[in-house]
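Visitor: Keeping the supplied structure of chain A fixed, place chain B upon it in accordance with the hints.
Line by line, the protein sequences give chains A and B.
Counted from 1, the first sequence has number 163 at position 164 by numbering that gives the first Met the number 0; the numbering is strictly sequential.
Counted from 1, the second sequence has number 160 at position 161 by numbering that gives the first Met the number 0; the numbering is strictly sequential.
Worth flagging that the hints you see were computed from the coordinates, not collected in a lab.
None of the values given here were measured: they were computed from a predicted structure.
Identical chains blur together in the list; that is why a pair holds if it fits in one copy or across any two.
In silico EDC-like links for lysine to aspartate or glutamate, alpha-carbon gap of 16 Å or less:
| # | residue 1 | residue 2 |
| --- | --- | --- |
| 1 | K346 | D178 |
| 2 | K346 | D155 |
| 3 | K217 | D155 |
There are 2 protein chains.
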Amino acid sequence: MSTVAILGAGIMASALTFPVTDNGHQVNLVGTHLDRDIIDSIQRTGIHPELGLKMPENVTAFQLEEAEAAFADADVAMSGVNSFGVDWAGAHLATLLKPGMKVLSITKGMQADENGKLTMFPDVLRAAVGEPLASQVTWSAIVGPSIAGELAVGHDTCVVFCGEDQASLDELQQMWTTDYYHIWTSTDFIGHEVGAATKNIYAFAAGFADGLLAKAGKENDRYRMYNYGAAIFAQGQTELTQFIELLGGDVATAKGLGGVGDMFVTSMGGRNVRAGKFVGQGIPFSEVRDTHMKGVTMEGVAAIRVIGGALAPLTERGVISEDDFPLLRALHAIIVDDAPLEIPWDKFFGGRR
Amino acid sequence: MSTVAILGAGIMASALTFPVTDNGHQVNLVGTHLDRDIIDSIQRTGIHPELGLKMPENVTAFQLEEAEAAFADADVAMSGVNSFGVDWAGAHLATLLKPGMKVLSITKGMQADENGKLTMFPDVLRAAVGEPLASQVTWSAIVGPSIAGELAVGHDTCVVFCGEDQASLDELQQMWTTDYYHIWTSTDFIGHEVGAATKNIYAFAAGFADGLLAKAGKENDRYRMYNYGAAIFAQGQTELTQFIELLGGDVATAKGLGGVGDMFVTSMGGRNVRAGKFVGQGIPFSEVRDTHMKGVTMEGVAAIRVIGGALAPLTERGVISEDDFPLLRALHAIIVDDAPLEIPWDKFFGGRR
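Just chain A, same shape as in the assembly:
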């Protein structure tokens, strides 16, 4: 039996403790400074307050100050923070990792520099950890359509463990596989990380249709706006596929769990969709951010800002054409310039013809 240490006690990290403890492994779950109440609750009652579920017996909860003890004998070290915590997590992992550990990250997304150069979060973590340690551990990540609570209650969930070291992927797959948690492995790290980052972008746009219906007073009409949503989804898939190709991933990844599957589940609801609905209702994004969803973490919005912001320099450098990524460009204008919602239909799918 192995020991897994997780940095971050949010719902996704915590849900992942269910299948691995079902297989008899031990988990040390370490809260960040933002997770104090969660860890308190687990220590006192066993209940994860955000998941609304009793945690498995084999999970031991630790406050951040005890991280060193929690990671001391771990075989697997997980980064369980969201994309906003990646720099923080990297700095902490630098002190917690030991040679030989298998790092498994659930932090998805990309950072961009001022030239539009995009870096996947696992690489950000790796850089923060630094050499020689970064090369003395293996790096893997979990991607694919996985709503945390559904996994925690044992509903069938299919994901991909991706990374560069197949032997680590095989071991991690074996540790986590149950009759409800179905795991594929892939060495297309880039394609899967790009898919994971960009699907949040298009989930934001998935909220527009309901907002438009609400604005028009047609929320209870017989006819919804699924045609509109489907066109957005198909253009999203088109742009996601192009992004994977652009960054050197395997385009076949786009049609599987880490591409269209993850975009589908993310479009079904959640915070990004809710923010998009406000924009569909005609509310400027700055007001959505500062009033209606004040303080709410929106990874899709962050991704639009970062990846969408890279499009201008990439276009200027001739890496992409002005006609590429029309949907993301429109979303970026909404987020950054408070532009009104106007879908550039004519530019979709390579332009009308």
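Guide: Below, chain B alone, put in the same frame as chain A:
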């Protein structure tokens, strides 16, 4: 201004009269023998009873006996029947078409012979019309995510007019394009027809999750089964893509409106999804067909029977491998053998590894 004659007055054919009459064209809408009440209603009150909407002024409704007059001066002839009426429509079009007409079909799907050879419905129509007439008209079809009522009430809808004759496609596009009906054209007839046929298949599977939740008494639980649905959707997209490739279409079609877009909208609801939900509840398909959905047209089920039935002979001939299309094979067993619902997760995405 042009005249469009449509054979079939169902909801999709009737919805398509809205954008084209908005552009000032005239439509002669001819009911089949199944559409008598619809035509009656339009003639008496202007209301299409199934759409629940008043038809445009420029639409004239005809009973089947008046078809010849309705088609006499038409520039565009439409086949507006569903996949069950394609042989019937072909026989009638053979007498109604005239050289120079542009045929535009909304009938989507494929027929299979006993060797597994699949023929697209536009080709079935063409064969029924016969030479020399079949070559004296042009053949185009409408595909993409389009719920009829949404189009009729003017919600943004993006579709593809596909066919072999680009000049006809350009003319038809111009006739139908409005500020809410956005049309692309494509000469990838095969890819688009395969996408249109196969998406109904996976819509049936999209109903399983809700059925499983209902069966478990968890319909109102906090946690749904979107992970399950997303995995089905991603495998559906994988199989749809392989089908397009197998039949010689352009795989790029899979990521656009005629592939993933159409599958998305079809998975959001409708008769195929409803039938799948019954199966998810544990009801044998024969009982769903004969009791719960007796007499209801289910194009997805028909497609599973036809296309799924082609898999065995195609495998025997070595055209595909036994490991290909695991989801469709499982659906075929449910429909034809009353097999219980068991998702072959291990075979998804090229097999677990």
